[in-house]
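> Since chain A is already given, all that's left is putting chain B on it; use the hints.
There are 2 protein chains.
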Amino acid sequence: MELFFAPLACSLATRIALYEAGAQATFTQVDTRAKRVADGSDFFAVNAMGQVPVLRGDDGATLTENPAVLQYVADRFPAARLAPAGGIERYRLQQWLNFVTSELHKVIFIPLLDPQAPEGAKDYARAKLRARFAYLDHHLTGRDYLLDGFSVADAYLVTVLNWTRSTAVDLKQWPAIDAYFTRLHQRPSVAKAFTEELDLYKEEQARRSAA
Amino acid sequence: MELFFAPLACSLATRIALYEAGAQATFTQVDTRAKRVADGSDFFAVNAMGQVPVLRGDDGATLTENPAVLQYVADRFPAARLAPAGGIERYRLQQWLNFVTSELHKVIFIPLLDPQAPEGAKDYARAKLRARFAYLDHHLTGRDYLLDGFSVADAYLVTVLNWTRSTAVDLKQWPAIDAYFTRLHQRPSVAKAFTEELDLYKEEQARRSAA
Chain A
0 MELFFAPLAC SLATRIALYE AGAQATFTQV DTRAKRVADG SDFFAVNAMG
50 QVPVLRGDDG ATLTENPAVL QYVADRFPAA RLAPAGGIER YRLQQWLNFV
100 TSELHKVIFI PLLDPQAPEG AKDYARAKLR ARFAYLDHHL TGRDYLLDGF
150 SVADAYLVTV LNWTRSTAVD LKQWPAIDAY FTRLHQRPSV AKAFTEELDL
200 YKEEQARRSA A
Chain B
0 MELFFAPLAC SLATRIALYE AGAQATFTQV DTRAKRVADG SDFFAVNAMG
50 QVPVLRGDDG ATLTENPAVL QYVADRFPAA RLAPAGGIER YRLQQWLNFV
100 TSELHKVIFI PLLDPQAPEG AKDYARAKLR ARFAYLDHHL TGRDYLLDGF
150 SVADAYLVTV LNWTRSTAVD LKQWPAIDAY FTRLHQRPSV AKAFTEELDL
200 YKEEQARRSA A
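If you're matching them up, the sequences are chains A and B in order. Numbers 0 to 210, taken from numbering that gives the first Met the number 0, label the letters of the first sequence in order. Numbers 0 to 210, taken from numbering that gives the first Met the number 0, label the letters of the second sequence in order.
Just chain A, same shape as in the assembly:
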């Protein structure tokens, strides 16, 4: 199993899930700005959308889109209990995965993280931020995780919340989210994944500055 990732991008969620599962995997770094794989090859040949994560199985088939990749990893390693196996809780997992991917990742953070985004796009994202964070804060109040236990939805959420650090969004405004973010970082899989990718991110930034 091979994960194509970019440092601190949403593919970090899959790294966390793989660490939780104790899975054997190859991690292949991608420069998503230059659309190049670490070996210099064209990343569009791996994913025509040019996005991470891509999970390539041992049969060569690729899977993309975070909620699909995360559910695949969770089901492939059921002992890690990263997703409810079935029943209404499985749909609840999909509900939260979709909230994170659509309302947080795409609606808010894509424009805020993109230096090329017009100011109107950033304003639009900021205007939508408050209702979404309030909704999430309400849900997390009195809860440790999005569902009853840690799941791949938490792996995705903690990855996305990390982007508040580079977009001047102060989590202190939402005490339950802030506590959740701190708590999740104490989890070994999360701490290890973030530490490793932060180093890779700094190296990437240094290479870009030198170029």
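I should point out that these hints are in silico values taken from the structure, not numbers from a laboratory. Just to be clear, a hint being listed does not mean it is correct.
Here are the simulated lysine-lysine pairs, DSS-like style, with alpha carbons at most 25 angstroms apart [said to hold, decoys possible]:
1) B:LYS34 / A:LYS127
2) B:LYS121 / B:LYS171
3) B:LYS127 / A:LYS127
4) A:LYS34 / A:LYS201
5) B:LYS127 / A:LYS121
6) A:LYS121 / B:LYS121
7) A:LYS34 / B:LYS127
8) A:LYS171 / A:LYS191
9) B:LYS121 / B:LYS34
10) B:LYS201 / B:LYS191
11) A:LYS127 / B:LYS121
12) A:LYS34 / A:LYS121
Sample of chain A residues lacking proximity to chain B, with all beta carbon distances greater than 12 angstroms (derived) [stated by the list, open to error]:
13) SER40
14) ARG142
15) ASP143
16) VAL168
17) LYS171
18) ALA178
19) PHE180
20) PRO187
21) ALA190
22) GLU195
23) SER208
By construction, the Cβ of each residue, glycine as well, lies at the ideal position given by its N, Cα and C atoms.
Frame of chain A, contents of chain B only:
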């Protein structure tokens, strides 16, 4: 089972799925602008995010977020074969559901459909449209559906593609998408759902104009 919907909104996908399944369901209309249910009650009490679809089960529990609701309906009525039961094809379904919900619905159509969105947000959406429609057109070339057979991902995609009509996006630029859109509309469940909701949409517009 009760579906909270707004005419021609993304909840139309669930109506199509319910028709495909021959399911008994109550359809409860919501004014998502005023955040009122048809009986005048507060829609935020049903869904704190104020969004459709909401599916309320006979036990009163609610499920939100389109990909979760659609997979729930598909699994609840397996005879309709609206989703692969398992295996890699199930993750492929989730991949396409996520492409539609994140890359098309949220990134492109939310800003384009919103009269309040700043011009910069609309420009940003338009700039992302071409790559996403080209990717989709390539996938649909030589295919009748997103997967091997009709699935809930098609119900969602045809619903979203319908928004091109009110956002001046000419599908003729992408022949495979254009043919797909026409073909899907010939499907009885899709034709019935669109016809009914178009009428409800016109009534809603008339009420808003009169107000």
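> Now tell me, hint by hint, if it's right for this structure.
Right, here's what the structure says about each hint:
1. Between LYS34 (chain B) and LYS127 (chain A) the CA atoms are separated by roughly 16 angstroms; this keeps the pair inside 25 angstroms, and the hint holds.
2. With a CA separation close to 21 angstroms, the supplied pair LYS121 (chain B) and LYS171 (chain B) stays within the 25 angstroms bound.
3. For the hint linking LYS127 (chain B) to LYS127 (chain A), the alpha-carbon distance of about 19 angstroms falls within 25 angstroms, and the restraint holds.
4. Restraint check for LYS34 (chain A) and LYS201 (chain A): satisfied, since their Cα atoms lie roughly 18 angstroms apart, inside the 25 angstroms limit.
5. Proposed proximity of LYS127 (chain B) and LYS121 (chain A) is supported: the alpha carbons are some 15 angstroms apart, at most 25 angstroms.
6. In summary, the hint linking LYS121 (chain A) to LYS121 (chain B) is supported, as the alpha carbons are separated by about 11 angstroms, within the 25 angstroms threshold.
7. For the hint pairing LYS34 (chain A) with LYS127 (chain B), the CA-to-CA distance comes to about 16 angstroms; that is within 25 angstroms, so the pair holds.
8. Between LYS171 (chain A) and LYS191 (chain A), the direct Cα distance comes to roughly 24 angstroms. Compliance with the 25 angstroms bound is thereby established for this hinted pair.
9. Proximity of LYS121 (chain B) to LYS34 (chain B) is assessed by CA-CA distance (about 24 angstroms); at most 25 angstroms being required, the pair is judged to hold.
10. With a C-alpha separation of about 16 angstroms, the suggested pairing of LYS201 (chain B) with LYS191 (chain B) holds against the 25 angstroms cut-off.
11. The straight-line distance between the Cα atoms of LYS127 (chain A) and LYS121 (chain B) is roughly 15 angstroms, inside the 25 angstroms bound, and the hint therefore holds.
12. A C-alpha spacing of about 24 angstroms is found between LYS34 (chain A) and LYS121 (chain A), which places the hinted pair at or below 25 angstroms, so the restraint holds.
13. Chain B leaves SER40 (chain A) outside its interface by the beta-carbon criterion, the shortest separation being 19 angstroms against a cut-off of 12 angstroms.
14. With a least beta-carbon separation of about 15 angstroms from chain B, ARG142 (chain A) lies farther than 12 angstroms from that chain, consistent with its non-interface assignment.
15. The beta carbon of ASP143 (chain A) sits about 20 angstroms from the closest Cβ of chain B, which is more than 12 angstroms, so the claim that it is off the interface holds.
16. Taking the minimum C-beta to C-beta distance to chain B, about 18 angstroms, the non-interface status of VAL168 (chain A) holds against the 12 angstroms cut.
17. Listed as a non-interface residue, LYS171 (chain A) keeps its Cβ farther than 12 angstroms from every Cβ of chain B; the least gap is roughly 22 angstroms.
18. Its beta-carbon lying about 20 angstroms from the closest one in chain B, ALA178 (chain A) satisfies the requirement of being farther than 12 angstroms from that chain.
19. For PHE180 (chain A), the condition that its CB be more than 12 angstroms from all CB atoms of chain B holds, with the nearest at approximately 21 angstroms.
20. Separation of PRO187 (chain A) from chain B is adequate, the least Cβ-Cβ distance of about 27 angstroms exceeding the 12 angstroms criterion.
21. Interface exclusion of ALA190 (chain A) from chain B stands, the closest Cβ pair being 27 angstroms apart, more than 12 angstroms.
22. Even its closest Cβ contact with chain B, about 26 angstroms, leaves GLU195 (chain A) beyond 12 angstroms, as expected for a residue assigned away from the interface.
23. Every C-beta of chain B lies more than 12 angstroms from that of SER208 (chain A), the closest at about 26 angstroms, which supports listing it as non-interface.
The structure shown violates none of the earlier numbered hints.
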